[in-house]
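**Student:** Residues per chain are reported as follows:
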Amino acid sequence: MATQITKTNGHGGVPGDGSDGQPERFLEGNHTYQTLGDKIGAIVLTQKPPRVWFIVAALAFLLVNVLLATITYLLFKGVGLWGINVPSGWGMDIINFVWWIGIGHAGTLISAILLLLRQQWRNSINRFAEAMTIFAVVCAGLYPLLHTGRPWLAYWMFPYPNWLALWPQFRSPLIWDVFAVSTYMTVSLLFWFIGMIPDFATLRDRARSRFAQIAYGAVAMGWNGSAKNWHRYETAYLILAGLSTPLVLSVHSIVSFDFAVAVIPGFHATIFPPYFVAGAVFAGFAMVLTLGLPIRHLYNLKDLITARHLDWMAKVMLTTGLIVFYGYLTELFYGWYSANVYEVALVQNRLFGPYKWVYYALLFCNGFVPQILWLQKARYNIAILFTVSMFINVGMWLERYVIIPVSLSRDYLPSSWGYYTPTVFDWSMFIGTMGLFTLLMALFMKFLPAINIFEMKDLLHRMTHSHKNGHGHANGTDGHVTGEPLQSGFLPEGTPSADRNGG
Amino acid sequence: MNRTEPASGAGQSRSYYAALLFAGVVALLVPLLLGARQFFQSYFFGWIFWFMLTLGCFGLTLLHHIVRGSWGLVVLRLFEAGNRTLPFMAVLFLPIAATLFLPHPTGAEYWLYEWANPELVTAEADPMLHHKAPYLNPTGWVVRSVIYFALWIAMAAYLNRSSLRQDQTGDIEEQHKRTNFAAPGLVIFIISMTFAVTDWVMSLEPHWFSTIYGFWFLVGGGLFTLAFVSVLTMAWSDRRPFSDVVNPGLMRDLGNLMFVFTMLWAYISLSQFLIIWSANLPEEVVYYQKRLDDNWRFLGAFNVAFQFFVPFLLLLSGRTKRTPRYLLLVASLILLVRLTDMVWIVIPAFHREALNLWTDLAALAGMGALWLAIFSFQLGKYPLLARHEPRPAEGAQEALEHA
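Residue numbers (our numbering), protein chains in the order written: chain A, 4 to 506; chain B, 216 to 618.
Any given hint might turn out to be false.
Which stretches of chain B does chain A cover? Using the computed rule of at least three CB atoms under 8 angstroms from a CB of chain A, they are [what the hints assert, rightly or not]:
{"#": "1", "region": "285–297"}
{"#": "2", "region": "402–411"}
{"#": "3", "region": "424–432"}
{"#": "4", "region": "435–442"}
Since the hints were derived computationally from the structure, they do not count as laboratory data.
We put the beta carbon where it would ideally sit given N, CA and C, even for glycine.
Throw the hints in and build the complete structure from the sequences for me.
**Tutor:** Below, the structure written as structure tokens:
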């Protein structure tokens, strides 16, 4: 018997937004445990990717080659290939580093904080966002590594005993970065991998080809879906969520310290840590939408990534966008209020200097465009959401442009001022990392379960069991689902039933 | 064991309020013993400390109407009574505004705000203050203060009325109206509050500035208010109507909220300190230099230990959040440290020769008596629990259904 999710008429015109007395719906259509497993599993196992996938993957592969060629040439010639030079010792390399690191934050926020807050709407987008985090950190990590000029000596930044008597400068936030980013990468990777284990087992059991069975079997770590497995899984997952939560704040705060503890006007502002963190989440959600909306369309996932998900993501973007905007306003106001000649000059430089177009474009992209998300209609309109997310992607890049070259090129002595212009290799490197990111995402869509199969089943279970009007137990062909009420004591996802992993 | 008498100041006799008000006014006048300037300084300290609680109540009311969590519903009436102290606090603000226009005190060039003395803001005397004069001048300051109060009082009145109306009519439309109002309302609140604390507190040291200052006060006020309502609900947990709604879920939520705000406080305080200390720019570092000199450093260390480490460790434990008595103790500790933190932020700004802290504490107690009298009178006016429903998706309204 298929369990049907009742359609309700929304109070405020939007079905299932909770205003009608029904639980909010984050799963649409007539799904059973069987159809959920089929639908998500099929993307990986049987379904031939849509033609667009091949085009995107080929294009991305081409760009990866551009990246590799740039890096090769860079190693051969040195970082002078980039447009960085005194006074702008940092340019697009650090802009892109911060941009990519920021994009990763949505993944951690969705996975860790929303899990701890028991927000069910995270369930269908978390896997995908976590993958995005890892790929974004990979792209980000390339920049400081190559910026060192001798990336083969990058391990010198770690404090290890050595006969060179070499020791990192622990008072430098650049060293904190090494630890912050590598910890972030490690924890995100573990979180992502552990979260996929039950789904790997599902894929292993469903796979027809020998190769797929062995490959998924190897990464499923011998998962058999026993109650003990689930218990340990939930505990490990919760611990990792706890570990990841401070990382959402710490990574971008430390990135902001790279700038804020310096004495360059435009770098040095106490608002930076919270403003950078908000900006990171803002950028991250924009990227989730930029990638998620086309994927949702191509793979026909409208039942799983519902309009309610998009609405929530838009609200998070609006909120964090407002915090970022608040940051811009405080910088402007206190820049003037400081009565410090250099701070005042910075405000003038931003508003009327040679880069003023960057600053105005930034205010437009991040300050004004996202305000349309106040309208509920806009939050439910795919085209608008996609457009806004693209504006934010650009805006967050411009923000770092305003912070880095605009501040560095005109700091104290006018005789030392300069003008920063990126070279063709700055751009080829940037476009190359976009290619790398896209290729990794494409491979992820093809080979790994992009949507959490078992959490969607758990969501279905909760939805069917929370109905008081007696839809009864959901009996998919995956087998009987135990119907004990899910008391979320200390486990936010509830105690999993023993046979939740179907197939 | 459930005691039967209801909680709150409902039904308190008139002499109770009269005694509180009288004691408050007397305590407020105590600092006059050390002269008029000391009086205004102490008065300002007492006022800003208690006003942070008023603002915290208002900010959390806005937040509650946006997210509509089940915890907020239980303490909503406490927040709303706090909101209704706004007009009274505006009246009590008048003496502070008056200092801008009174003739100079004997032996000093200004009462509270250096920039209020026109002789000190000329281009020759102080180019920095001269630069800031278009913003930091008595007229502008008063106009802005009027705008802040008018905005807050109007917004709070709208929300409070709507919430009470919904209790009477049961009209769920009120809830949506409040949500739609509170979302832009919170934006307005945060911006206006940033400017307000800049005007009132930051400009006590008019040469110094910090862009994170607004967030610092926002989080401090939020933590103060959460601790305050936790103390009340835990203290009244065995009295009606709280005995019906104080359950492990609510206590966990309140505990976790205090935990989060404790961490946010530490995050913002540390960020501000680290950035200023590391850069070591003379015009900024004076702020901490003053507060790390002499005896202030001990208070600073106390705040670090007791505003962060101790509550952080205590609130990590599930046991603290399950036992009303423990939660009450932690929340009381946070209240105490909110006080010492505000002392550390405000008092060193006054450049005093002697540490006349007792006058500040007298004014603080006096203002507290007035605030609490107004609060408990306002609290007694309406039923202690709002009857609206939280978001259905939370599924946590059982507590209220049992009530």
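**Student:** Do three or more residues from the region 424–432 of chain B put their C-beta atoms closer than 8 angstroms to C-beta atoms of chain A?
**Tutor:** holds (count 7)
**Student:** Mind taking a look at whether chain A covers the region 285–297 of chain B? Criterion is 3 or more residues with CB to CB distance under 8 angstroms.
**Tutor:** violated (count 0)
**Student:** Counting residues of the region 402–411 of chain B whose CB is closer than 8 angstroms to a CB in chain A, do you get three or more?
**Tutor:** This one holds; 4 residues, not fewer than the three required, reach chain A with a Cβ under 8 angstroms.
**Student:** Examine the region 435–442 of chain B: at least three residues should have C-beta closer than 8 angstroms to a C-beta of chain A.
**Tutor:** violated (count 0)
Figure legend: structure checked against the earlier numbered hints; hints not met, in rising order: 1 and 4.
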